[in-house]
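> Single-letter residue listing:
2 protein chains.
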Amino acid sequence: MKNFHFYSPTYFVFGKGKESETGSMVSRFNGTRVLLHYGTGSVVKSGLLDRVKASLSKQGIYFTELGGAVPNPRSGLVYDGIALCRKEKIDFIVAVGGGSAIDSAKAIAMGVPYEGDFWDFYSGKAICKKAVPVATILTIAAAGSEGSSSSVITHEEGNFKRGCTSEHIRPVFSILNPELTMSLPNYQTACGAVDMMAHVMERYFTNTQEVEITDRLCEGILLTVIKETPRALADAGDYASRANIMWAGMVAHNDVCGVGRDQDWSTHGLEHELSALYDVAHGAGLAVMFPAWMKYVMHHDVMRFAQFAVRVWGCEMNFQHPELTAEEGILRYENFLRSIGMPVRFSEIGAREEDIPLLVKQTGIGSGTMGSFVKLNAQDIEKIYRLAL
Amino acid sequence: MKNFHFYSPTYFVFGKGKESETGSMVSRFNGTRVLLHYGTGSVVKSGLLDRVKASLSKQGIYFTELGGAVPNPRSGLVYDGIALCRKEKIDFIVAVGGGSAIDSAKAIAMGVPYEGDFWDFYSGKAICKKAVPVATILTIAAAGSEGSSSSVITHEEGNFKRGCTSEHIRPVFSILNPELTMSLPNYQTACGAVDMMAHVMERYFTNTQEVEITDRLCEGILLTVIKETPRALADAGDYASRANIMWAGMVAHNDVCGVGRDQDWSTHGLEHELSALYDVAHGAGLAVMFPAWMKYVMHHDVMRFAQFAVRVWGCEMNFQHPELTAEEGILRYENFLRSIGMPVRFSEIGAREEDIPLLVKQTGIGSGTMGSFVKLNAQDIEKIYRLAL
Chain G
65 MKNFHFYSPT YFVFGKGKES ETGSMVSRFN GTRVLLHYGT GSVVKSGLLD RVKASLSKQG
125 IYFTELGGAV PNPRSGLVYD GIALCRKEKI DFIVAVGGGS AIDSAKAIAM GVPYEGDFWD
185 FYSGKAICKK AVPVATILTI AAAGSEGSSS SVITHEEGNF KRGCTSEHIR PVFSILNPEL
245 TMSLPNYQTA CGAVDMMAHV MERYFTNTQE VEITDRLCEG ILLTVIKETP RALADAGDYA
305 SRANIMWAGM VAHNDVCGVG RDQDWSTHGL EHELSALYDV AHGAGLAVMF PAWMKYVMHH
365 DVMRFAQFAV RVWGCEMNFQ HPELTAEEGI LRYENFLRSI GMPVRFSEIG AREEDIPLLV
425 KQTGIGSGTM GSFVKLNAQD IEKIYRLAL
Chain L
65 MKNFHFYSPT YFVFGKGKES ETGSMVSRFN GTRVLLHYGT GSVVKSGLLD RVKASLSKQG
125 IYFTELGGAV PNPRSGLVYD GIALCRKEKI DFIVAVGGGS AIDSAKAIAM GVPYEGDFWD
185 FYSGKAICKK AVPVATILTI AAAGSEGSSS SVITHEEGNF KRGCTSEHIR PVFSILNPEL
245 TMSLPNYQTA CGAVDMMAHV MERYFTNTQE VEITDRLCEG ILLTVIKETP RALADAGDYA
305 SRANIMWAGM VAHNDVCGVG RDQDWSTHGL EHELSALYDV AHGAGLAVMF PAWMKYVMHH
365 DVMRFAQFAV RVWGCEMNFQ HPELTAEEGI LRYENFLRSI GMPVRFSEIG AREEDIPLLV
425 KQTGIGSGTM GSFVKLNAQD IEKIYRLAL
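From first to last, the protein sequence lines are chains G and L.
Going by the working numbering, the first residue of the first sequence is number 65, and it counts up by one from there.
Going by the working numbering, the first residue of the second sequence is number 65, and it counts up by one from there.
Each pair may be met inside one copy or between any two copies, as identical chains are not told apart.
When the alpha-carbon atoms are kept at most 20 angstroms apart in a straight line, the in silico EDC-like pairs for lysine to aspartate or glutamate are as follows:
1. K66 x E243
2. K80 x E243
3. K291 x E274
4. K193 x E179
5. K66 x D302
6. K80 x D326
I should point out that these hints are in silico values taken from the structure, not numbers from a laboratory.
Here chain G stands alone, though its shape is the one from the complex (with noise of 0.2 angstroms):
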């Protein structure tokens, strides 16, 4: 096991009706002028964003609204929202809705006290320093950012996805109430069940050695999500599944499963061009990407993906033939993805073969490599997309 640190701060609230609590944590957590952040319609249509105001209202707690972060949220409403918050010496961000808006209140809480370009932070040029502290009302049970110290934005000038990382920017409280996901499109629900089993499993595929301790909460947080999407896909209503999915979102990401150990993550960076050019939920591109990735770098560690298959996929070890089961851990895998109603090929996406060239060259790779647990260069990442045709 490698030397770590685990730091998890954020105050976790959960559970139905939650969001009535917003205004006494943010005073527990000294906000006195909030910027409420949010998406398009649906938190504004559901009465979920009145809710919060009068939970600020009640407290005597000053706010203002920017609404309109959409998903693969873009570096145009950031810079609006960082001149707001300057002019309404916010103190104090809640964001409300998914990963979209947590990961442009992010952005937002970086820009305010930075005298450069928030950017900065996404392409690798500043450290970010401070930050005007954030909180979260969950809608969305998908991308974990509620609980983790990242973020990702899209630069609209060139579409680049890029990603931060940050512990000022670990939300200091997280509410959590899985009703508020029971009106989601089941597109949406699976979009999210995705997600979370690929934020584990960048930190699953790893080359350092005898981690069981987190190899095993991996793997209880798939076999979680695996037993508990399709009851919330067959029954939107079916509170036991949707706080189960929400907070396995949760544990997911904040790093609890991953530490100890070489991460991965070229899978997400794969998938962020294709989200980026074709604007597809960033779920649905990884169900098309992650099992492609596995066909390509299963032969590094057989012996990894036959305990894939067999402890999370239920599958018989092959002791001959391990490669045999691994290969059907991939394979249950991607048939669970479709059973889900996933996309798993480019086609099913809109994106085109003749486009491999240009995500080859967005994902900024030049003659370097992504990834830990396969170092992979240009060529890699290229057959890798067509893999996924």
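With chain G's structure known, arrange chain L on it following the hints.
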């Protein structure tokens, strides 16, 4: 799933040699005058205490010392510690040791700013409102106190052992170096494994239905401890198994595997009287009491015990007679305990049948009940003690 709050803000520093970061971590959390609290010889003899002192001195941090914490830590030393902290104007306590030193430090931390008797927090007479910040340098993987909000102290007048829970005593940071556990006698390593498994099982056996995510996390921790403990016992210097066990002990008790469900904790209650009366190691007492408790309550929810047997102990499900699977799981657990050198009967720890009425009385149960999976009254408790004969 039940509504819950989850807040685990401890900063964990994990890995080889990490005790050298004590000084910088104390500074990070604004400590200036430190009490170093520890147990008996080994922390001193191993040179660990000197390394910690050097790290504090390097940062220019003042410190004073109080050794002498013993297994099943005693109230007498807590009173000494409170007086010392007040005299020395201590603003930060670093516990160096296992659960005993840590729990003793937590009691001191609560007692310092409190005008009454610190025991009020353990007897239920008062609720802690503030405490001196506590940090830990862990030398025994067992109690999970390095990441938990709880503390257990034995009152010397009458040998009462009582627990207390407060967010104010959750460590602000904890340093976990698996190498420090390599010098433990096998008996203590095994006791630690039993203790962390018990922390998981107190959460696992619940009447709250369909909390799959925490079920799976619980099972993952148990599977890890079951796999890694025999390796650590066979080769005390095996870093991988030590590291897995050490982190498992934390995850077993910071409540990430227990949220959203009723928890039981009656077996800990039963054990506390055993170890208070006979001064047996807590883990050894749990090894005696947990199988007895299981045998007594199994029929309350046979399917839960069957799940435990299948998922944790690899039993084949008997679909016609699930109770046989449930029984087999308990048997395999008991066999595992024996295989790692643990006692599983009264006679093996010097406990006596004729003391059972006294043990029952000492729990303070009177005409009340304890536990939540099955609410046990005095008669039930007596029967469970007898099942351990």
